[in-house]
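Student: So the chains spell out like this:
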Amino acid sequence: MARIEIIDQTLRDGNQSLWGMRMQAGMALPVCDLIDRTGYSVVDFVGSSMFEVMVRHARENPWEGLDLVVQSLPRVRVRAGMRCHGIITMSVTPDDLMDLWVQRLCEHGVRSFWIHDPLHVNVDKLHRLARVANGHGAEVVLALMYSVSPVHTEAFYADAARRLSASPHVDRLILYDMGGIMTPERARAIIPGVVAASNGKPVEVHSHNVTGLAPLVYLEAVNAGLSILHTCSRPLANGSSLPSIDMTLRNLRLHGHTTGIDESLLAPVAEHFERVARAAGFPTGVPVEYDAWMVEHQVPGGMTGTLKNQLAQHGMGERLDEVLMETARVRRELGYPAMATPFSQLVGVLAVMNVVTGRRYGSIPDEVIQYAYGWYGPPVAPLDPEVMDRIDSHPRARDFRGTRPPNPTLAEIRRQYGNVDDDELILRFLVAEDHIEAMKRAGPVRRDYPALGSSELQRVHDMMSASTARYLEVAADGLRLELRR
Amino acid sequence: MAHVRIIDQTMRDGQQSLWGMQMRAGMALPVTPLIDRTGYDVVDLVGSSMFEIMVRNFAEDPWQGLDLIVQSMPRSRLRAGLRNTGLISMSVAPRCLVDLWVETLCAHGVRSFWIYDVLHWNVDKTHRIARVAKRWEAEVVAALMYTLSPVHTDEFYAAKAALLAASPDVDRLIIYDTAGVLTPARARTLIPAVQANCNGKTLEIHSHNVIGIAPLTYLEAISLGVDVIHTCSRPLANGPSLPSVETTLRNLKLAGHTHDLDTSLLGPVADHFEQVGRSAGFAIGSMNEYDQWVFEHQVPGGMTGTLKNQLAQHGMAHRLDEVLREVAAVRCDLGYPGMATPFSQLVGVLAVMNVVNGERYRTIPDEVIQYACGWYGQPVAPIQADVLDRIMAAPRAAEIAASPPPEPSLEELRQRFGGASDEELLLRYMIAEPFIQKMKAAGPVPRDHPLMSSPALEQARALMDAGTARHLEVRAAGLSITLSR
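Taken in order, these protein sequences are the chains called H and X. No gaps in the numbering here: position 224 of the first sequence is 225 in the working numbering, and each next residue is one more. No gaps in the numbering here: position 419 of the second sequence is 677 in the working numbering, and each next residue is one more.
For the record, the hints were derived by calculation from the structure and aren't laboratory data. One should not assume that every hint holds.
[Unchecked claim] Below, computed lysine to aspartate or glutamate pairings styled on EDC-like, alpha-carbon distance capped at 16 Å: (1) Lys511/X - Asp292/H; (2) Lys511/X - Glu297/H; (3) Lys566/X - Glu580/X; (4) Lys511/X - Asp485/X; (5) Lys383/X - Glu665/X; (6) Lys392/X - Asp357/X; (7) Lys698/X - Glu681/X; (8) Lys511/X - Glu323/H; (9) Lys511/X - Asp322/H; (10) Lys441/H - Glu53/H; (11) Lys309/H - Glu319/H; (12) Lys698/X - Glu682/X.
Construct all of the structure, not just a fragment, from the sequences and the given hints.
Tutor: In structure tokens form, the structure reads like this:
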């Protein structure tokens, strides 16, 4: 029976999948010490979109928040994740800036990186970033982004595993199922080939519980010899997020496996995040019924909400199923990119525009043209010839045909953004200047977050937010309730 | 690709699993005409425990409620279910009374019966009841109660299927998975083994979605040739209940199967039951995360709540896990009875008492002695010798062993219980007289159920329930709320 290592995703992917990256440092800090002592090997925390959301919406300096969280997690490796050719934007970020991002995160105490390329083709970029991180003594984990298509075969993943693990700067691989569409059968088929090709390096498993199958995939993966799993604290687990630590431990134990997790620390952490969710009006994760539709369109759980909002803006909220169907079709026509940033967004935007305008590929975002011309590397399957013609004949096509993405040096970038330190340089690249000014004005990062003390008070608070009437009176059984504004 | 027939369990097993059989006729009547027109193969409606609860808890005449519902559903074949040895309570009912129950239900319009015997031993009793139902040209479905144990092999079920299907009065068989532990992998071996011995009769499948695998088991079953499946309207689906009709239909469609349901009627029915659930304070079905432990204890979803309540009465709510472990041990001691009425209750009660007393088998309910004496038929595996000794050494054992279940005639029962009609005789057999008097005094069955018209009012009602203080005042941002009692 195996000894299983657990990586905590509460603060990063749980937060990203369920709270849209809106977890402020003060929401996590009260329980960071508990998380630190729970026995996780790695605590994932940083993504560039979190930096953006913190500045824009919370007016909170993410570098300061990062420092506070890192200081409160001395026993574990804090992880950051990134796409190999981009932070924030859907387009391609200059290499020097990517390197600077890794360096600065290392300086701030990040000790583990997972890096992905949805197309698995930019091995040079992945290995260059691995060298930078490794040079700072950080662990490097390269991702196999799981996707279902005629080209994403077992051989495809074995080959990607061989190429990605070839660098001495790569410590681990990770099988990354952001759509939660891996089945136990597929795990059984795919994992042995990946393990055989991974140059003896450990392979982590990360599967979102979007259709309820992730716990079964984890058990299957452990059977196949993998021993590093990703979970979240219960309120930030399940649905579009990962399996819960509680149930994962129980399932492992019943199969005779062990972990180094101190289970007595799980409940206080879960209760804390439950209170935060209630107070902030964030959802908590709930498991969902198995839905084959998810496998068909492969839209990541968190993105369905975005699509709904976009449609609602056009008064077309009822056409979500149609858009999801169109998503599957656009993805096929674009050569089956894996549904992760930037492709999940590009495919989604195209699908929405195709449905809303009633004209397929009537408008085409620049990034799709860039993709077609290889800015992100060669597509894994050829684009549909008709769609390629539409792209070729687009007015913007001549601006990108035969070009490479601009790749200014750090010196050139510094000239563009003026005389600021590297941390602020990165913020300025991520976020417009006025947001940064507003963030600075807001003062230091808060170290906690006010949560109401009782469910009754919480109920009153909910009612006060829900009620729009100026005066409301309800009377029954000797009890009278009045609301006045 | 298959044409799949759907059986609606919203008003029977959905509400049994989630609402504890508390759905009153008036809660269903506003939408029964919609359910009637949806195109279900069968609509399950009646269980004897529902009769008991309607009278005891609501002073509502269940025969009258049944008549109202039957009248509102002229297109549908309506089903009732029964244990072949019992009517109510955990004990054994006289044969003539079981027959009278079936005949009276037929007289009130029931035209389909599913009949079960957890031990699968009393095939003669099942066939006798089938004959009674056939006099009314009602459909008869004999159940294979699925459970996990060393004795419940594919061969076991195949042999029982052959015995049950042998009668010309049995129209269909059903694989009935109360705990939701039938995996797709097991379905692949179990279903062909059963089909081979079905005599060409239709096979239904009924699997509770306790750990999220029932939808996958349904898809597997259909690919193996099963074409009748059981579902519930969404608010009464999932968790301890069955898969939702909404998602099941989508999964069927994506697998290329067809069905006869009018999907436009599903939304209004679901909305209605959601409102009823909210206004009555009943649970709305939600999913559970996959939990390996269910395979060990096999406690049906709805029963975990009962065990929790029983433990709470002894101030031992924190010992639920221990009780569930004891449930698995007791079930093994007793020769692996399937976890359905009456054995799920008997095993559960013994487990609770063993844990609460701190000594195993110190208290032994009469029904356990009756089980050991063979009143329910022979156990599927021998009772552990030392446990059998404990049971037969119980003070009541000699008396029970000397007095096998009485088989009074209908005349004798009429003399003993009185009652102006068969309907009243049945009620009097099931329920104590004062409850029946109260029911009669309560007047006719209400035809609807008051619902709150808006979420805001609903919130006000919830607040009124929650607030226990005599005076509560909260002020903020120009809004003030005062609660006084």
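Student: Evaluate each hint against the coordinates.
Tutor: Checked hints:
1. For the hint pairing Lys511/X with Asp292/H, the CA-to-CA distance comes to about 11 Å; that is within 16 Å, so the pair holds.
2. In summary, the hint linking Lys511/X to Glu297/H is supported, as the alpha carbons are separated by about 12 Å, within the 16 Å threshold.
3. Between the alpha carbons of Lys566/X and Glu580/X the distance comes to roughly 11 Å, so the proposed pair stays at or under 16 Å and holds.
4. Taking the CA atoms of Lys511/X and Asp485/X, the gap is about 14 Å. The hint holds against a cut of 16 Å.
5. Note on Lys383/X and Glu665/X: the hinted pairing holds, with a Cα-Cα distance of about 14 Å set against a maximum of 16 Å.
6. For the proposed pair Lys392/X and Asp357/X, the alpha carbon gap of about 12 Å is at most 16 Å, so the pair holds.
7. The straight-line distance between the Cα atoms of Lys698/X and Glu681/X is roughly 13 Å, inside the 16 Å bound, and the hint therefore holds.
8. Using a Cα cut-off of 16 Å, the hinted pair Lys511/X and Glu323/H holds, with the two alpha carbons roughly 15 Å apart.
9. Our distance criterion of 16 Å between C-alpha atoms is met by Lys511/X and Asp322/H, whose separation comes to about 14 Å.
10. At most 16 Å may separate the alpha-carbon atoms for a hinted pair to count; Lys441/H and Glu53/H meet this at roughly 14 Å.
11. Using a Cα cut-off of 16 Å, the hinted pair Lys309/H and Glu319/H holds, with the two alpha carbons roughly 9 Å apart.
12. Distance check on the hinted pair: Lys698/X and Glu682/X sit about 11 Å apart at the alpha-carbon level, within 16 Å; holds.
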